[in-house]
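Colleague: If you read the sequence shown in the UniProt record's numbering, its first letter stands for residue 1, the second for the next number, and so on.
Among the hints, a few may not be true.
[Claimed, not checked] List of simulated lysine-lysine pairs, BS3-like, C-alpha gap at most 25 Å:
(1) K80 x K43
(2) K116 x K99
(3) K166 x K80
(4) K235 x K23
(5) K109 x K80
(6) K69 x K198
(7) K116 x K80
(8) K47 x K116
(9) K27 x K198
(10) K69 x K109
(11) K109 x K215
(12) K116 x K23
(13) K27 x K43
(14) K105 x K43
(15) K23 x K69
Worth flagging that the hints you see were computed from the coordinates, not collected in a lab.
Please read all numbers here as calculations on a predicted model, not as lab measurements.
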Amino acid sequence: MTEDFSTYQIDPNFPPDKAGEWKTPPKEDTWVLSHHSLRGELKEIEKALVHVVSDPIAWKIAALESMWKYHRGHVLAHHKAEEEIMQPVLSTRFRYPEKASDGHKDLEKNVEELQKLLEGDGGKESIESFQTMFQQYAIALRQHLQDEEDTALPLLRAFFTQKEFKTTGKRMGAEGGHAGSFVYYIGEERFRNEFMSKWGMPFFLWYIVFAPAMKEYRLQVIVPGECIAANVPPKEESTCKTS
1 MTEDFSTYQI
11 DPNFPPDKAG
21 EWKTPPKEDT
31 WVLSHHSLRG
41 ELKEIEKALV
51 HVVSDPIAWK
61 IAALESMWKY
71 HRGHVLAHHK
81 AEEEIMQPVL
91 STRFRYPEKA
101 SDGHKDLEKN
111 VEELQKLLEG
121 DGGKESIESF
131 QTMFQQYAIA
141 LRQHLQDEED
151 TALPLLRAFF
161 TQKEFKTTGK
171 RMGAEGGHAG
181 SFVYYIGEER
191 FRNEFMSKWG
201 MPFFLWYIVF
211 APAMKEYRLQ
221 VIVPGECIAA
231 NVPPKEESTC
241 KTS
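My request is simple: use the sequences and hints to build the entire structure.
Modeller: And the structure:
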């Protein structure tokens, strides 16, 4: 973003002079990391769809539905947290850029249209239609996430210090939910050894919050995707059937 940040300024008491005070680089911002988890989910579903479209049998469709259910819930919760928690706070100091705010309604409309396709007859034609629409949706979501990172994120870091935004960021994480996906794409070891310490999280939160959340993500997204790719139905015990 190369525009003059002062053109977005609302309150003269809070100029856009705080970016240099942030200790965390933009690529490690929790907002960006949460976007990476959504991007990761898109890739998992895209890979699974290749196999389901070529062989749309009942258990593969059910596995795809599990993957989609998780992603659908995640993206809707993420949008809600941005709109109801983050944007009202940011808008006290700067005009939230239209390029970043546009898109939620269209994306959510696409999500519900995709949901209806999965609730259809489950035939090859329905799955092919789902794949076509999902490809379009994935392109739109990736572009939207990039727009937020290119426009709104630099403004956030210019108008708010890291300390000032900390409480809002924590609320975003709590309300956005789906911590399992977030941790999975950071990596368990890195999350436990680096991020929990950096964010001041007590060690026991791993066992009562993050480990169960990551298990849920594996059960609902990763294992179904692996089983679809292996052409082996999933079992309840977090693996694919071997006999």
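Colleague: Each hint: holds or not?
Modeller: How the hints compare with the structure:
no.	hint	result
1	K80 x K43	23 Å, holds
2	K116 x K99	28 Å, violated
3	K166 x K80	18 Å, holds
4	K235 x K23	44 Å, violated
5	K109 x K80	14 Å, holds
6	K69 x K198	32 Å, violated
7	K116 x K80	21 Å, holds
8	K47 x K116	21 Å, holds
9	K27 x K198	15 Å, holds
10	K69 x K109	15 Å, holds
11	K109 x K215	29 Å, violated
12	K116 x K23	44 Å, violated
13	K27 x K43	20 Å, holds
14	K105 x K43	22 Å, holds
15	K23 x K69	36 Å, violated
Violated hints, listed in ascending order, are 2, 4, 6, 11, 12, 15; each of the other numbered hints is respected by the structure.
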